[in-house]
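2 protein chains.
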Amino acid sequence: MSTKYVIGIDLGGTNTVIGLVDVKGNIIAKDAVKTQAYTEIEEYTDAVSNVIKKLIQENGCEGQVEGVGIGAPMANYYTGEIVNAANLPWKGIVPLGWLIEKKTGLTTKVTNDANAAAIGEMKYGVAQGMNDFIVITLGTGVGSGIVAGGKLIYGHDGFAGELGHVTAPVLEGRSCGCGRMDCLETYASATGIVRTARIWLETRSDASVLRSIESEKLTSKMLYDAAVQGDALAKEIFEFTGEVLGEAFCNFIAFSAPEAIILFGGLANAGELLLEPIRRKMNEDVVFLWKDKVKVLKSSLPGADAAVLGASALGWK
Amino acid sequence: MSTKYVIGIDLGGTNTVIGLVDVKGNIIAKDAVKTQAYTEIEEYTDAVSNVIKKLIQENGCEGQVEGVGIGAPMANYYTGEIVNAANLPWKGIVPLGWLIEKKTGLTTKVTNDANAAAIGEMKYGVAQGMNDFIVITLGTGVGSGIVAGGKLIYGHDGFAGELGHVTAPVLEGRSCGCGRMDCLETYASATGIVRTARIWLETRSDASVLRSIESEKLTSKMLYDAAVQGDALAKEIFEFTGEVLGEAFCNFIAFSAPEAIILFGGLANAGELLLEPIRRKMNEDVVFLWKDKVKVLKSSLPGADAAVLGASALGWK
Chain A
12 MSTKYVIGID LGGTNTVIGL VDVKGNIIAK DAVKTQAYTE IEEYTDAVSN VIKKLIQENG
72 CEGQVEGVGI GAPMANYYTG EIVNAANLPW KGIVPLGWLI EKKTGLTTKV TNDANAAAIG
132 EMKYGVAQGM NDFIVITLGT GVGSGIVAGG KLIYGHDGFA GELGHVTAPV LEGRSCGCGR
192 MDCLETYASA TGIVRTARIW LETRSDASVL RSIESEKLTS KMLYDAAVQG DALAKEIFEF
252 TGEVLGEAFC NFIAFSAPEA IILFGGLANA GELLLEPIRR KMNEDVVFLW KDKVKVLKSS
312 LPGADAAVLG ASALGWK
Chain B
12 MSTKYVIGID LGGTNTVIGL VDVKGNIIAK DAVKTQAYTE IEEYTDAVSN VIKKLIQENG
72 CEGQVEGVGI GAPMANYYTG EIVNAANLPW KGIVPLGWLI EKKTGLTTKV TNDANAAAIG
132 EMKYGVAQGM NDFIVITLGT GVGSGIVAGG KLIYGHDGFA GELGHVTAPV LEGRSCGCGR
192 MDCLETYASA TGIVRTARIW LETRSDASVL RSIESEKLTS KMLYDAAVQG DALAKEIFEF
252 TGEVLGEAFC NFIAFSAPEA IILFGGLANA GELLLEPIRR KMNEDVVFLW KDKVKVLKSS
312 LPGADAAVLG ASALGWK
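Residue numbers (our numbering), protein chains in the order written: chain A, 12 to 328; chain B, 12 to 328.
Hints may contain errors.
[As the list claims (entries may be wrong)] Just some of the chain B residues that point at chain A, by a computed CB distance under 7 Å:
| id | residue |
| --- | --- |
| 1 | 52 |
| 2 | 170 |
| 3 | 173 |
| 4 | 180 |
| 5 | 184 |
| 6 | 242 |
Hints listed in this document are in silico derivations from the structure and should not be mistaken for laboratory results.
Heads up, the beta-carbon is just placed ideally off N, CA and C, and yes, glycines get one too.
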């Protein structure tokens with residue numbers, strides 16, 4: 012019987028979502044386990060493997076699943092390991108791919124969530140038919156998956172594509188969780204944009220609906236809502252964030268000359284609020300060779316399922 | 012008869028050097044034409060093709076040449092064209108590869124000089140056996156050739172790898188020839204380092220042998236000589252330049268996670284004067300994953316012939 016399905020797993024700090032996916036990128040069935048409920052990796056991989064087996068059984072897909080793809084933080088494609096992931100319960104180096112493969116009998120590939128997103132866009136999304144593109148994930152942090160010449164760039168060690176940790180083209184002196192200063196994600200992630208808001212609310216005095224919200228409780232969603240309602244300060248925060256990204260994109264383009272840069276994840280949902288300043292700044296400042304030539308697109312993978320779908324794309328041989 | 016040789020061509024603003032190269036990377040014979048002597052591309056390619064034929068004949072290599080590789084500024088690998096090269100006599104788009112191929116009957120590939128250097132390092136130099144590395148050329152400008160997964164990154168349009176035109180991690184407001192501000196090459200090229208010297212000699216008051224040289228006549232070689240002789244200001248200029256490069260390398264590493272970054276071209280000859288601050292700053296500031304893991308090497312291709320050798324490597328199928 013030919014293989015028609017793959018398993019996609021989005022391993023997040025809170026939930027692990029497991030989906031059974033067909034060749035067209037439809038999620039046939041899915042289930043989840045609580046990542047933090049398992050302090051031992053053996054127990055965690057037992058639970059995940061049981062869900063995989065259950066999904067296959069319940070949907071009559073025995074013998075038709077080609078493999079498992081997992082998107083996880085700090086995941087190494089070459090070794091199938093997770094290495095010192097700050098937000099997961101298992102410390103040090105964890106042989107995730109090997110364990111899932113052993114417990115399910117299915118070929119298992121592991122990569123970080125942004126690489127999974129890039130493969131997902133290439134297989135099912137807006138990057139279909141593209142050989143050179145970059146996916147930028149704008150979530151709690153900033154991640155990236157870089158495809159060049161039709162292949163994902165994994166690098167010498169399997170960890171390539173950490174564009175959240177390149178130096179931002181503004182040097183305000185923001186410290187990053189990684190220990191460096193002024194990493195792109197200190198400005199352009201969901202937490203980075205909130206950081207901008209908190210700083211501006213302190214240093215500036217113009218009126219804003221944001222002033223009625225307790226600083227500690229501010230979220231990027233609140234900034235978005237305020238901007239959509241026309242709050243000038245909130246709009247300016249998105250403009251600044253977009254410009255920082257647009258300027259950073261100039262550097263990414265000089266590196267791999269992509270056909271498109273694709274935005275993925277929470278903050279990407281801000282749409283034109285972010286896309287307009289990104290495109291404007293990028294085309295204003297990119298090396299002349301690429302002026303008005305590189306597309307900036309929003310992921311076309313369906314919202315909540317995008318990460319599972321991305322990971323599943325890795326399961327195909 | 013099997014093919015044992017390739018032709019390598021280093022197309023520079025002043026001279027075009029043409030070499031006959033064997034499989035081991037020995038230049039069997041070479042000759043040159045004056046690039047600026049030919050205002051018409053037809054005449055230039057006639058002259059170059061005649062030298063190619065002469066080198067093959069004189070060395071009894073008829074039927075044994077596999078192809079021609081050309082390293083040239085603003086060269087597009089996909090089309091074989093040179094596009095708006097500022098320092099060459101032929102304006103607009105010039106079908107260089109097609110003309111040489113037509114006139115010699117030899118398969119001809121064209122790429123920019125830094126990409127040629129990268130292929131040269133992979134075929135004959137320090138990058139033999141490496142699948143992931145970056146060559147940075149430090150000449151009048153800064154160029155780069157990026158190899159990922161064993162393949163050179165050409166990008167969507169053939170122009171990838173313009174790392175001289177990423178934003179430097181210092182924002183002094185130096186304008187670049189490309190129209191942007193604070194491109195890496197405004198700090199870290201042979202002209203960039205002279206620019207630093209001129210600025211520092213104006214803004215600072217410490218003693219230096221450099222003060223006896225007319226500002227307009229300063230060269231990077233003079234800075235090197237002064238530093239070697241122990242001039243404190245000159246040494247500090249190399250340290251600053253190395254630190255700028257080291258910090259920029261942190262970003263390049265986050266992109267493609269290379270095994271090594273290889274320095275090529277004039278300024279690379281400064282050796283430890285530049286390598287020490289590069290390595291120090293890079294390992295101080297790179298994302299923890301790569302601390303003390305990425306090699307910084309000097310090209311091992313032989314001095315004056317390195318560019319011809321690099322280009323020749325493109326001639327092999």
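message = Flag every earlier hint the structure violates by its number, smallest first.
response = 1, 5, 6
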